[in-house]
Amino acid sequence: MRERGKAFAPANRRLLPEGRMTGPMPWVIAIMTLLTVLAAAAGLGLGSAAKALEGGDRITIQIVQADSKRREAETAAVLAALRNMPGIESVKRLEEQEMRRLLEPWLGEGGVQSDIPIPAMIDVELFAGGQQQIAAMAERVRRVAPSARVDDHAQALAPLARLIDALRWLAAGLVLLMAGATAATVVLAARSALDTHRGTIEVLHLMGATDGQVARLFQRRIALDALFGGALGFAGSLLILWLVGERVSAIGSELIGSAGLDPASWALLAFLPLAGVLLAMAVARWTIIRALRRLS
Amino acid sequence: MPRLFPVRLALPAEGRRAIAWAGAEAGLNSAGSILQFDNVGLRYGTGAETLSDLSFSLQAGGFYFLTGPSGAGKTSLLKLLYLAQRPTRGLVYLFGEETAGMSRAALPALRRRIGVVFQDFRLVPHLSAFDNVALPLRVRGVSERDIEGTVAEMLDWAGLGHRSSARPATLSGGEQQRVAIARAVVARPELLVADEPTGNVDPEMAARLLNLFDALNKLGTTVVVASHDLHLISRVPRAEILRLDRGQLADPTGALRHPPRRAGS
Chain A
1 MRERGKAFAP ANRRLLPEGR MTGPMPWVIA IMTLLTVLAA AAGLGLGSAA KALEGGDRIT
61 IQIVQADSKR REAETAAVLA ALRNMPGIES VKRLEEQEMR RLLEPWLGEG GVQSDIPIPA
121 MIDVELFAGG QQQIAAMAER VRRVAPSARV DDHAQALAPL ARLIDALRWL AAGLVLLMAG
181 ATAATVVLAA RSALDTHRGT IEVLHLMGAT DGQVARLFQR RIALDALFGG ALGFAGSLLI
241 LWLVGERVSA IGSELIGSAG LDPASWALLA FLPLAGVLLA MAVARWTIIR ALRRLS
Chain S
1 MPRLFPVRLA LPAEGRRAIA WAGAEAGLNS AGSILQFDNV GLRYGTGAET LSDLSFSLQA
61 GGFYFLTGPS GAGKTSLLKL LYLAQRPTRG LVYLFGEETA GMSRAALPAL RRRIGVVFQD
121 FRLVPHLSAF DNVALPLRVR GVSERDIEGT VAEMLDWAGL GHRSSARPAT LSGGEQQRVA
181 IARAVVARPE LLVADEPTGN VDPEMAARLL NLFDALNKLG TTVVVASHDL HLISRVPRAE
241 ILRLDRGQLA DPTGALRHPP RRAGS
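Protein sequence lines, in the order shown, are assigned to chains A and S. Numbered by the working numbering, the letters in the first sequence go through residues 1 to 296 in order. Numbered by the working numbering, the letters in the second sequence go through residues 1 to 265 in order.
Just so you know, these hints were derived from the structure itself, not from any lab. Any given hint could be a false lead.
[Stated by the list, open to error] To give a feel for the contact side, a few chain A residues facing chain S, derived at Cβ under 10 Å:
{"hint": "1", "residue": "P159"}
{"hint": "2", "residue": "V203"}
{"hint": "3", "residue": "A282"}
[What the hints assert, rightly or not] Under 7 Å between C-beta atoms, here's a sample of chain S residues computed to sit facing chain A:
{"hint": "4", "residue": "R111"}
{"hint": "5", "residue": "R122"}
{"hint": "6", "residue": "R145"}
{"hint": "7", "residue": "G149"}
Nothing here was measured: the structure is a model prediction, and the numbers come from that model. Here a beta-carbon is modelled for each residue, glycine too, at the ideal position from N, C-alpha and C.
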């Protein structure tokens, strides 16, 4: 009779009873996977939103001057001053029509009367790294237009960016906590399985089975449970993400809408259940080997 | 009619070769002993010694009966033989290697050379008779194709060919015992240890089982059988007898034909 490598042959998989979904572990793994994927999706989505905020290297200049002639003169002066400055990608004055459209939600239809003085607004888009030029720009603008106000978008959005950053860290922390909880579940499941099959393990040992061979039996069983639970949890999380996506689209907010997931993020989310299976297998092996070493 | 012994194991010429091989390759000491106890004691927890001052050796290819009253320590001694226990004192040499201080990782290789018939059978309850018998071969990584024929033949010999897919719970005590014996011998161990192997079978089956042990022994396997059954013992005239009494090897009584072989004698 030829003897082969150390692993048990496929037929030996039934050395431990094969019943799937008989214990709580697959369900616990399913819940953990669902929560992990949702937390990770939230973190990645917030990352996209943060990028959208960072990407807005823009400033807005308001010429707050009641006298329309002086307002126009200062606006023209600002446009002329900015056109040749380094670091500026584009300078665009918002047309009055557009200004009225922007104010309409606040003042109502027809609320914007022609005699109400509306500040002139200039939208300035900066090249990457143009942030460093903002102070010089503001100085130059104020020199030619004393009634100008310079609003730095990045500065205005900084508290929001900080909040998003904190939420991203929170999401990452939740993913780690969930991974820890999954590992703890696997430890408990492996110990319980070890107790249940102690008699079989003893017989296997007395026949010359190594700790590695015995551990592989449990690893396989736990991996299958984790795979099933992971797939179930991932499917559930996809459903929830799709529903949330639908709601976000319905809001039509630019900021919330920017919290989307790119293909790389989706790939990362799809990898999470597999990472869960690998984690479960590694923890199961570690637990079983440690427990077996204490046996005799 | 099932064959008395699987063909693979019954080749007469192979028997002589196996004995020679057992001596040359099994890591025996110069005196040809497969097992040697040197002042061995065994204690469970903080209780009194179950076995004390055991010093003897078993020759490779020998046939030994271990007798003694209930509670004498026979099962404990067998546990030391099949490496389920380590002595609390003294030295045990098995296949030429000292096992008392051996690392855990080195034990499986030695255990694969030993076949054990447990008193309580220890069949794996969720496995069929076939899978239980196949267990030692699968632990060794033998291919399924080889396992198929060998195990089927073994079960046929044990009169259980028609029950190969039955779970232990559906087998009678005698059938379970035959499965346990088939499992112990299927991998042709160098040392076969059997704890009351004929306790639950009828005299005819007991005789057949003993013939199997005898045939294995003639092929070079060292056989140690714990038994109360003097009739059974008398069926193997060449066998040597170890008698345990209150944890110590006793001097032979008139009923015993040979004294136990002492270490160094």
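Now for the hints, and whether the structure bears them out:
no., hint, in the structure
1, P159, "60 Å, violated"
2, V203, "5 Å, holds"
3, A282, "21 Å, violated"
4, R111, "4 Å, holds"
5, R122, "5 Å, holds"
6, R145, "9 Å, violated"
7, G149, "10 Å, violated"
Of the numbered hints stated above, those contradicted by the structure are hints 1, 3, 6, 7, listed in ascending order.
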